[in-house]
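K.L.:
Okay, here's what each chain looks like letter by letter:
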Amino acid sequence: MTQILEINNLTKKYYNKVALEDINLSFERGKIYGLMGPNGSGKTTLMKVIIGLHKQTSGSILIDGNPLSYKTKANVSYMPTENFLYDNFKVKDVVKFYEDMYSDFKTEYVLQILKDINVDTEFRVSKLSSGLVGKLKVALALSRDVDIYMLDEPLNGVDVLARDVIMDIIVKSHNENKTFIISSHLVSETEKVLDSVVFLKEGRLELSGDAEELRQQHGLSIENLYKEVYK
Amino acid sequence: MFKIIKYDFLKKYKLLLITIISSVLLNLFLVVKLGVSGSISFLAFFPMAMIFLYIGDIIKMYSDDLNKKSGYMLFMTSNSGYKIIVSKVVTAILEGLSILLLYMIFIIINSIYISTAQGFELNVNIAEVINAVNLVLSGNLGFNLGHVFVFLLTAFVVAINFILTAYTAITIRKSLFSEVKLGGFLSFVIFVGLNWATSFTTGKLTSVVSPYYDNVTNFGNIISATELVMILLPVVILSAIESVIMIIGSGYLLEKKINL
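Going down the list, the protein sequences come from chains U and D.
Under our numbering, the letters of the first sequence match residues 1 to 231, in that order.
Under our numbering, the letters of the second sequence match residues 232 to 491, in that order.
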């Protein structure tokens, strides 16, 4: 497998607080990564630096061999944990925005997903419940045809039935060329699809590796390993 | 670039629609209530109200993209910082021109109403009007329409310079000073500083380039229209150069240093 994302000596500071400290990681093509850690561990910051919404204090990031720039954004689909969609737009307007802004966007595909997860395209974003906004964000992110997908808490606020649908869509969207990085507090629900895991603790890399190897090494499920690392 | 502009207008089309409808209703109300004086009052009041609303709206448009989470919609796309800043300025210019067009329509409609109400006969010939305006300007004021064109061009370029100064201040605050608290106040301080710097530079350089500049800064002196134009042309050129520098600076910061 080839590397699609390489992070070298990455540090990000806010005021005097260190959000990420000397992170070194590489992500391979075709794998699903779990980005684990409690609130404030640096998961969201790491994703935002990779997509270019935040600028790192030091260190470098290469996406498919290219240093971060506005061009590398074309190869990354990011779903932020916040509701970032234009409030006064209808769902169909947001879909049109993605269609206009991303040449790799698959309109038919997103409309099918929205139908499957019961999101009405005539609804206005401001009128959607947080669960529906969550579903819409996942559908939009997964409907792009890129090499890297970063989903920040994709199951947050989503009902139990829809969680299964979303995990199912992620598995179906995945192939040998696409890399997924998923951050989630719901370790038990994401564990079954993860190839590798990365544990962040207070901005530092605590543990990372192949999910199966970690299970065998520690004799614990990823969920229990999570509890062990952060206890 | 066209797509960024399109979505900026789609985001605010309701606000623009409400502004147009309420302006029409206010005009009607004043005409019905006060007649000719109401119509004149509206024409005097409209630009004063609009200038505040317009400046507030174009600053909010850019500020929201850099300060609210909805800005991710734009900044996650693979558009360069330069394309984003230019698109925002073009949107602001188009919005300004739309308001100007709306005001022109009000002027025409209200002028027709006022003329009719006061018993004047309406027989408008555009060529004659232009000729008449030119005659009045050149006869009494020493101006011609060429001068007027330079004044309008100056106003246009200085307005773009003003918009870019505001946008550059917000960009500096969200990039170089993103970790400093009191963001809004800091943006204002940077804006005042930038405004002073651009005005000072333009004034100093114009006084060097144009021999007439010192005359106009002495309020007692009366200068001719041609002399004024000789002052304004360097102002236009310098403001344009400053605008290009601010576009390059903001574009670079948006691309390399931004923290949303």
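The hints are simulated quantities; they were obtained by calculation from the structure and are not laboratory data.
Do not take every clue at face value.
Every beta carbon over 12 Å from chain U, so not counted as near; a handful from chain D, in silico [said to hold, decoys possible]:
(1) L241
(2) L246
(3) T250
(4) L265
(5) S294
(6) Y303
(7) G312
(8) L328
(9) I361
(10) L366
(11) A386
(12) G434
Simulated crosslink set (DMTMM-like; lysine to aspartate or glutamate; CA at most 20 Å straight-line) [stated by the list, open to error]:
(13) U/K13 / D/E410
(14) D/K488 / U/E21
(15) U/K55 / D/E486
(16) D/K299 / U/E82
(17) D/K243 / U/D87
(18) D/K237 / U/D100
(19) U/K90 / U/D64
(20) D/K291 / U/D87
(21) D/K245 / U/E122
(22) D/K234 / U/E21
(23) D/K412 / D/E458
(24) D/K242 / U/E99
(25) U/K31 / U/E189
(26) U/K13 / D/E486
(27) D/K300 / U/D93
(28) D/K300 / U/D159
(29) D/K242 / U/D87
(30) D/K245 / U/E189
(31) D/K487 / U/E6
(32) U/K55 / D/D295
(33) D/K237 / U/E21
(34) D/K243 / U/D100
(35) D/K314 / U/D120
(36) D/K242 / U/E21
Pulled from the structure, derived: some chain D residues nowhere near chain U, Cβ distances all over 12 Å [as the list claims (entries may be wrong)]:
(37) V267
(38) S301
(39) M304
(40) Y313
Computed from a prediction, not measured in an experiment: that's the story for all the values here.
For glycine and all other residues, C-beta sits at the position ideal for the given N, C-alpha and C.
K.L.:
All hints are to be evaluated individually against the structure, with a verdict given for each.
P.N.:
Results of checking the hints against the structure:
1. L241: D/L241 not clear of chain U: closest Cβ-Cβ about 7 Å, inside 12 Å.
2. L246: violated, 10 Å
3. T250: Holds, since 16 Å exceeds 12 Å.
4. L265: Fine: 36 Å to the nearest Cβ keeps D/L265 off the interface.
5. S294: holds, 15 Å
6. Y303: violated, 4 Å
7. G312: With a cut-off of 12 Å, D/G312 comes too close to chain U, as the shortest Cβ separation is near 7 Å.
8. L328: Consistent with the label, D/L328 stays out of reach of chain U, its closest Cβ about 24 Å off (over 12 Å).
9. I361: Correct as stated: the minimum Cβ-Cβ distance to chain U is 42 Å, above 12 Å.
10. L366: holds, 51 Å
11. A386: holds, 33 Å
12. G434: holds, 36 Å
13. U/K13 / D/E410: Satisfied, since the Cα-Cα distance of roughly 9 Å is no more than 20 Å.
14. D/K488 / U/E21: holds, 19 Å
15. U/K55 / D/E486: Judged against 20 Å, a Cα distance of about 9 Å means the pair holds.
16. D/K299 / U/E82: holds, 11 Å
17. D/K243 / U/D87: Given pair D/K243, U/D87 holds - Cα atoms ~12 Å apart, limit 20 Å.
18. D/K237 / U/D100: holds, 10 Å
19. U/K90 / U/D64: violated, 35 Å
20. D/K291 / U/D87: holds, 15 Å
21. D/K245 / U/E122: Holds, at about 18 Å.
22. D/K234 / U/E21: Answer violated: D/K234 to U/E21 is near 38 Å, above 20 Å.
23. D/K412 / D/E458: violated, 47 Å
24. D/K242 / U/E99: Satisfied, since the Cα-Cα distance of roughly 17 Å is no more than 20 Å.
25. U/K31 / U/E189: holds, 17 Å
26. U/K13 / D/E486: holds, 19 Å
27. D/K300 / U/D93: Judged against 20 Å, a Cα distance of about 18 Å means the pair holds.
28. D/K300 / U/D159: Distance ~24 Å between D/K300 and U/D159 Cα, so the pair is violated.
29. D/K242 / U/D87: holds, 9 Å
30. D/K245 / U/E189: Answer violated: D/K245 to U/E189 is near 42 Å, above 20 Å.
31. D/K487 / U/E6: holds, 19 Å
32. U/K55 / D/D295: holds, 19 Å
33. D/K237 / U/E21: violated, 40 Å
34. D/K243 / U/D100: holds, 18 Å
35. D/K314 / U/D120: violated, 33 Å
36. D/K242 / U/E21: violated, 39 Å
37. V267: Per Cβ check, D/V267 is outside 12 Å of chain U; nearest 40 Å; holds.
38. S301: violated, 6 Å
39. M304: Incorrect as stated: the minimum Cβ-Cβ distance to chain U is 6 Å, not above 12 Å.
40. Y313: D/Y313 is in fact no farther than 12 Å from some Cβ atom of chain U, at 9 Å.
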